[in-house]
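Take any residue in the sequence shown, note its place counting from 1, add 12, and you have its number in this note's numbering.
Heads up, some of the hints might be wrong.
Under the rule of at most 27 Å between Cα atoms (straight-line distance), these lysine-lysine pairs were calculated in the DSSO-like manner [as the list claims (entries may be wrong)]: (1) K95 with K52; (2) K95 with K80; (3) K41 with K112; (4) K112 with K14; (5) K41 with K122; (6) K41 with K95; (7) K112 with K122; (8) K122 with K52; (9) K112 with K80; (10) K95 with K122.
Since the hints were made in silico from the structure, they are not lab data.
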Amino acid sequence: MKEIMETLEYRGVEYPLVMNINVLQELQKEYGSFEAWAQKVLLGNGETDLGALTFGVMAMINEGIDIKNEEAGMESMRPLTQKQAGRMLTSVGLEQATEKVLGLMTESNKSAEPAPKNE
Numbered sequence: 013m014k015e016i017m018e019t020l021e022y023r024g025v026e027y028p029l030v031m032n033i034n035v036l037q038e039l040q041k042e043y044g045s046f047e048a049w050a051q052k053v054l055l056g057n058g059e060t061d062l063g064a065l066t067f068g069v070m071a072m073i074n075e076g077i078d079i080k081n082e083e084a085g086m087e088s089m090r091p092l093t094q095k096q097a098g099r100m101l102t103s104v105g106l107e108q109a110t111e112k113v114l115g116l117m118t119e120s121n122k123s124a125e126p127a128p129k130n131e
């Protein structure tokens, strides 16, 4: 897994959206496993478990905020609540947000470099 960062814009502010090990730990803690969370987000009937989606987006944004605050050496952004993440998803649109989340999941699980071949 590699750390991937995207952004979601909400009310003129760009929020970092990160997928990394810390986010996976949060998802495992809340849902038992990453796979269990992903199954809730990607229900086969075309419907999404909105609680799972907003929790995941909140975890991804809060990890990004934490990283940005560490880089800045101060708290420049405060973590979001799940309700704030829900408002953001409503404003941005579920389809666009879900696309970004799925893209992050896919990209973060790609190998950073091709495996070396033994010759």
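Given pair status - K52, K122, alpha carbons within 27 Å: holds (22 Å)
Within 27 Å, alpha carbon to alpha carbon, are K112 and K14? holds (16 Å)
Given pair status - K80, K112, alpha carbons within 27 Å: Holds. K112 to K80 sits at ~19 Å (cutoff 27 Å).
Does the structure keep K112 and K122 at a Cα separation of 27 Å or less? Since the Cα atoms of K112 and K122 sit roughly 16 Å apart, the hinted pair holds (cutoff 27 Å).
Pair hint outcome, K41 versus K112 [Cα-Cα no greater than 27 Å]: holds (22 Å)
Is the Cα-Cα distance between K41 and K95 27 Å or less? holds (19 Å)
Pair hint outcome, K95 versus K80 [Cα-Cα no greater than 27 Å]: holds (21 Å)
Between K41 and K122, is the straight-line Cα distance small enough, at 27 Å or below? holds (23 Å)
Straight-line Cα separation of K95 and K52 no greater than 27 Å? Cα-Cα ~18 Å, so holds.
Under the criterion that the straight-line Cα-Cα distance not exceed 27 Å, is the pair K95, K122 satisfied? violated (31 Å)
Violated hint for the displayed structure: number 10, the only one.
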